[in-house]
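The primary structure of each chain is shown beneath.
There are 2 protein chains.
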Amino acid sequence: MRNAIRQAVDITKVSESKIGQVDFNNLNFGKVFTDHMFVCDYVNGEWQTPKIVPYGPLTLDPSARVFHYGQAVFEGMKAYKDDHGDTFLFRPDENFKRINKSSERLAMPEFPESYFFDGLNTLLELENDWIKPGFGNSLYIRPFSIATQASVSASEADEYKFMIICSPAQSYYSGDVSVLIAEEFSRSANGGIGYAKAAGNYAAQFYPTNLAKKQGYQQIIWTDADTHQYIEEAGTMNLFFRVNDTLLTAPISDRILDGVTRKSLITIAEKEGIHVDVRPIKVSEIVDAATNGSLKEIFGAGTAAVVSPIKAFGYKGEHYELTPQENSYAAHFKKALLDIQYNKVEDPFGWRVKV
Amino acid sequence: MRNAIRQAVDITKVSESKIGQVDFNNLNFGKVFTDHMFVCDYVNGEWQTPKIVPYGPLTLDPSARVFHYGQAVFEGMKAYKDDHGDTFLFRPDENFKRINKSSERLAMPEFPESYFFDGLNTLLELENDWIKPGFGNSLYIRPFSIATQASVSASEADEYKFMIICSPAQSYYSGDVSVLIAEEFSRSANGGIGYAKAAGNYAAQFYPTNLAKKQGYQQIIWTDADTHQYIEEAGTMNLFFRVNDTLLTAPISDRILDGVTRKSLITIAEKEGIHVDVRPIKVSEIVDAATNGSLKEIFGAGTAAVVSPIKAFGYKGEHYELTPQENSYAAHFKKALLDIQYNKVEDPFGWRVKV
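Line by line, the protein sequences give chains A and B. The working numbering applies: residue 1 is where the first sequence begins, and numbers increase by one. The working numbering applies: residue 1 is where the second sequence begins, and numbers increase by one.
Treat the hints loosely; a few may be bogus.
Copies of the same chain are indistinguishable here, so a pair counts whether it falls within one copy or spans any two.
[Stated by the list, open to error] Once the Cα atoms are required to be at most 25 Å apart in a straight line, the calculated BS3-like pairs of lysine-lysine come out as:
(1) K31 <-> K161
(2) K282 <-> K18
(3) K214 <-> K101
(4) K282 <-> K132
(5) K271 <-> K334
(6) K271 <-> K161
(7) K13 <-> K311
Think of the hints as simulated: they come from the structure by calculation, not from any bench. From a predicted model like this one, the values you see are computed outputs, not experimental measurements.
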């Protein structure tokens, strides 16, 4: 527990849990939610008393700003249960800081730290039975903030709702994915909001992704909007390229999300003596490396996907298959990260936080 | 009336209108809504029977996709009443086409033309008393579409809600505005969604606009994200620059909204023999023109603002004031447009559509 003294959180419990109706062996990501949710309203320039209430629908005016001007930010976190029944979060401070960074960029009010952590911890204690032990099982946690003010004037709202909802999860991706490197469409602009976890950044990706799917690719590797010559990110994942035994990843910018999994992998790699080159990555060097055989692996890193191996990529009409590696970095890092997250090993970095 | 035979629209009327409570002489833009709203749900791959129901709150699951991944598009239109009590729309086909273009880019289903126009016309007939005659008075119409599917998986939704809400309006802007030319922040990327009337495009602008406001400017003139050397648009308005007696406006691109007011002004100007130069506009040439006195006017064009004169701009720490013009193009075009919209003059372009 983070704080000795918790802020007051008004709690209204469900009369009966719906957990008995859930098949935990057949979960679709993000479809089933737990019994309760955390809600805090911003009115008259202040966050009001936070509440935990039964999970249920929101009632919003059709003119609520979120529907019209898109002020909406979110985070993705997970709670993991070890074999002793203890629950852990992974670097929750990073998510807390990032949602406020996202909020600032979207002219939304920052959320108080104590409200966030007291609300989250109280909610997770209530939902303890929803967090199943076992590798791959987790409780996906979705904090988000939306503009609720009723009026269609194009400026920032003065009323918001900050919520946390939770969904039991198994692993996110099934199997390795093939990706298409973007040549025409873009995810974000210099001086834009690409680094924010803003709702609008996601909607922009679905159409180009659908075009990629028609070519047999599941996701897009975004490139810079100016030249399409530099690798950015995959939209729901940051990217790593293993060239021989060096890992390449693009630097964070105002266009690229500062992923928690990304920075954790860099730290783990460096501790293990694997060289990580954080620098702008040209598409052409990845194509060259794929052609000459020095490109051993590509993988994505993100909370939902953890580490997601990429088996092939397409670029300018050509298809590049990667040869499966016996000692894959992706598999190694995934295990290293999960071992820390599930309290299987020591945590030399202080990332694991007990609920 | 557009169609001889209307599609079935299920209508549920209010028992009593709230119009008596509204002070039509003191309207804040977008805060008061009429008695009814148009709603149509997209479920199982189809738009269901459209409905007109009493204006009231929406009930959405907290995991509704619009809150998380930002699939939300909208339009802005106005209904104008002439002195005979007849109501007109202005180029409604353009708005209809554009919301579907926006929807396509955000991987949202297109809305059927007959549903749109039958719903809109039926709604406007019901709300006839809310449309007040007189220059500047109008009924602002906000069609919008949002992703309602309940689940936080990062892909396009399979359930949507298309709505039309209406708000009585007076003039949008009070007085001339000062604008700041963007040097760091950007509105949209090449290959992005800047041309779409997407909710996320607006949220991205509030923070930079607030910074501009601290410097005494009300709005931002966006520049290209690559170099910040070329003028784009003002976020809620397209821009026109009068240099001597020529009008300059930036060409439409995938970064710039294809504004109905913008294209109407170009047509009116060309008919009147005013030369319009539609081409990339360098910030430096506007600064030069302001310095040497050839820059006579700047104005914005948009449905909400109609024609909005800009009296000054800031760039790189310098402030440039424009000299008020006796025969201002802005005032001329505004009157020309309003005369057509309010059925004061002939409409040689066929833009006015009687409801």
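Which of the listed hints are not met by the structure?
2, 4, 6, 7
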